[in-house]
Amino acid sequence: MQSINILIVGVGGQGTLLTSRVLGNLASDLGYDVKVSEVHGMAQRGGSVVTHVRFGNKVYSPLIEVGKADILLSFEKMEALRWVHYLKERGMVITNDQSINPMPVITGAAEYPDDILDGLKKSTAEVININALDIAKEIGNIRVTNSVLLGVLAKYTDIDYKNWEKALSHTVPPRTVEINLKAFDKGYNARG
Amino acid sequence: MELMLGNKAVARGAYESGVKVATAYPGTPSTEITEYIANYDEIYTEWSPNEKIALEVAIGASIAGGRAIVSMKHVGLNVAADPLFTVSYTGVNGGLVVVVADDPGMHSSQNEQDSRYYARAAHIPMLEPADSQEAKDFVRLAFEISEKYDTPVLLRLTTRISHSQSLVSLDEPLPISIKEYTKNPQKNVMMPGMARKRHVFVEKRMKGLANDSCEFEINRIEMGNRKIGIITSGIVYQYAKEAFPEASFLKLGMVHPLPKDLILDFASRVETLYVLEELEPIIEEQVKSWGIPAIGKELFSVQGEYTANMIEQAISGIAVNTQPAEELPNRPPVLCPGCPHRAVFHTLNRLKLTATGDIGCYTLGTLSPLEGLDTCVCMGASIGMAHGFEKVRGKDFAKKMVGVIGDSTFIHSGIGGLIDIVYNKGISTILILDNSITAMTGHQDNPSTGRTIKGEEAPILDLVTLVKAVGINNIHVLDPFDLEASRKILRDELEKEEPSVIIFRRPCALLDKSESLPLRIVSEKCKNCGLCMSIGCPAIQKLDEGMVIDDALCNGCGLCERVCRFNAMERVDL
Chain Y
1 MQSINILIVG
11 VGGQGTLLTS
21 RVLGNLASDL
31 GYDVKVSEVH
41 GMAQRGGSVV
51 THVRFGNKVY
61 SPLIEVGKAD
71 ILLSFEKMEA
81 LRWVHYLKER
91 GMVITNDQSI
101 NPMPVITGAA
111 EYPDDILDGL
121 KKSTAEVINI
131 NALDIAKEIG
141 NIRVTNSVLL
151 GVLAKYTDID
161 YKNWEKALSH
171 TVPPRTVEIN
181 LKAFDKGYNA
191 RG
Chain L
1001 MELMLGNKAV
1011 ARGAYESGVK
1021 VATAYPGTPS
1031 TEITEYIANY
1041 DEIYTEWSPN
1051 EKIALEVAIG
1061 ASIAGGRAIV
1071 SMKHVGLNVA
1081 ADPLFTVSYT
1091 GVNGGLVVVV
1101 ADDPGMHSSQ
1111 NEQDSRYYAR
1121 AAHIPMLEPA
1131 DSQEAKDFVR
1141 LAFEISEKYD
1151 TPVLLRLTTR
1161 ISHSQSLVSL
1171 DEPLPISIKE
1181 YTKNPQKNVM
1191 MPGMARKRHV
1201 FVEKRMKGLA
1211 NDSCEFEINR
1221 IEMGNRKIGI
1231 ITSGIVYQYA
1241 KEAFPEASFL
1251 KLGMVHPLPK
1261 DLILDFASRV
1271 ETLYVLEELE
1281 PIIEEQVKSW
1291 GIPAIGKELF
1301 SVQGEYTANM
1311 IEQAISGIAV
1321 NTQPAEELPN
1331 RPPVLCPGCP
1341 HRAVFHTLNR
1351 LKLTATGDIG
1361 CYTLGTLSPL
1371 EGLDTCVCMG
1381 ASIGMAHGFE
1391 KVRGKDFAKK
1401 MVGVIGDSTF
1411 IHSGIGGLID
1421 IVYNKGISTI
1431 LILDNSITAM
1441 TGHQDNPSTG
1451 RTIKGEEAPI
1461 LDLVTLVKAV
1471 GINNIHVLDP
1481 FDLEASRKIL
1491 RDELEKEEPS
1501 VIIFRRPCAL
1511 LDKSESLPLR
1521 IVSEKCKNCG
1531 LCMSIGCPAI
1541 QKLDEGMVID
1551 DALCNGCGLC
1561 ERVCRFNAME
1571 RVDL
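Heads up: the protein sequence lines correspond to chains Y and L, in order.
Going by the numbering used here, the first sequence opens with residue 1, and the numbers climb by one from there.
Going by the numbering used here, the second sequence opens with residue 1001, and the numbers climb by one from there.
Think of the hints as simulated: they come from the structure by calculation, not from any bench.
Here a beta-carbon is modelled for each residue, glycine too, at the ideal position from N, C-alpha and C.
The reader is advised that the hints may include incorrect statements.
[Unchecked claim] Quick list of simulated restraints, FRET-style, between CB atoms: (1) 1272(L) to 129(Y): 47 to 57 Å; (2) 1268(L) to 89(Y): 55 to 65 Å; (3) 89(Y) to 1551(L): 34 to 44 Å; (4) 67(Y) to 1368(L): 27 to 37 Å.
Based on the provided sequences and hints, a complete structural model is requested.
Structure follows, in structure tokens:
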């Protein structure tokens, strides 16, 4: 099979890294060759971050090329727009409805765009916008926003719920398994 | 099979190779190697104060008969270069592997130097893996080469190898015992008479290795379509395979010394030969010097990373559009909400001081709106540079400037600069931003934290006593959030015609376990003056309806509350 390419983007500190590791472990559990490329260091301090997940029969590069992503999973709205050119034709965008202003916007040097969803729809008809932060708040911990989003993503794949559950349980810190599973389930059953 | 980061695979390789001692100073993208090694009870592991010391400890371990591994980022190898060049002469007893992680594209670095030059300059063999499996396997091979050829071996990683995960099959650890140690000054004492003889050995060793490397399995030819032949190594091999899966490849696992005969053979079997390597044309220039026609940097830049698209476009000549659809506001990294450094930079900004800076999270204080730093060159440079400023611009200027350095960086290489200031009668005011952790690289312990890498208790280096011992008489320890005291003491110390050290001490916000309620701006009290925006907190935003604090980002540090003149902040009761 051709490799599946999932690009996960967001703001440093939002938990994109953990999400990509769940996906990596899931693909490995399913017997695929898999590569995951992460961001560490300076960008993790509130910068724009991107992780690449690729799996299939044989994967060479750990990086997804522009125009080759099957799914763009974004933890922050403007970041979805920043990376949308990585999407292939008829690819899918799943974005968290949350906006986080970058420093140039906070200082007034730049403006946060107000037509992000329209911008995304110029690239693809498949745009899922979901308020994962509010769902996480309802559960009682904003740190599981990432698992809510993972749940939304899971719904659009043909991989069994049980496999997702297993990969998530094995990847997150042991004492947070329960709340992450709950968040995942809320995302899985949410209406985007 | 296990999905592993390249850095974790290096750690696994060290374990399987029977390593006795592992040392490092943290630095992105190399840091996790040593963190993972520390999980193996069999291996003595330490954070050393800097890379030079880390290498020296590893050399001692090697000569004493144990296998040793030392890890650092590319600029760390500059710090360790002094022992590196001479351990090339002494060679080893137990195997010695020096891991160096380059950062093409400068994801987290101040330059993008190519460490392969060190291999050539110091006459040390260098291996370069292309995925996590090779990262593990090459560590094992590096130790074999090290002991067989009596040489340290460099293992070069790049960010995409260090920080990518791929599948690794695990092996059992080798039964490696500690070798006998016998005193041998002819080999281990590099005085001129001995060093001259060892240099002869080094040249012979490298010649032998260059010959043998034509037979090494890690230098392999993959014949495909003969129209395009590609010589490459490391991560670029993966990009090139992605771009031209049908082409012919000479994949080099050893990038110094090069297998000349193998390269000649490969070149003769393909129509057009390309050399693909990120950063400097190191392989390319050697290949061309042997009279082999090849194409390399004619098509590619010495700056930044390669991509599969870039390679495809350059070789096929067919343009691929890789530009984003629209221009968006940048999102540079920022000091975290609650970061103690923010308060220091707010104070420096208010006092309009010039500040020489250093390497750490606090380098982010350079950016708008704090704009607190004037320079950043390398680890420890802030102190020497402040002294240099004074010697050119005089004492009056020195009274309006500070040197800014973190706790770990001060211990790494700042202390020498402070000794210089005292000795040569400078009057600089040096600020040590002490959050009691090495934060930027992901919270590693250091001599000031009271813990070792293994989590054991350790003596705490007392910075006040240390600073006093080098001859500083004016020392203060302050909470940077005490803005009034900070301003007053800074003004007082700057006026003095003597050097001063102010230690701003407050724990890293990401480690501070004391929970505070987030703040909210009471719109009736807020005058919209924007003063709270001057601290550059990512949680505070100016919207059409007025100033707002994002409670998902606010960590409740209360710095904005201290800055506000209208008492407009209150705690949110969740």
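Results of checking the hints against the structure:
no.	hint	in the structure
1	1272(L) to 129(Y): 47 to 57 Å	holds, 48 Å
2	1268(L) to 89(Y): 55 to 65 Å	violated, 42 Å
3	89(Y) to 1551(L): 34 to 44 Å	holds, 40 Å
4	67(Y) to 1368(L): 27 to 37 Å	holds, 34 Å
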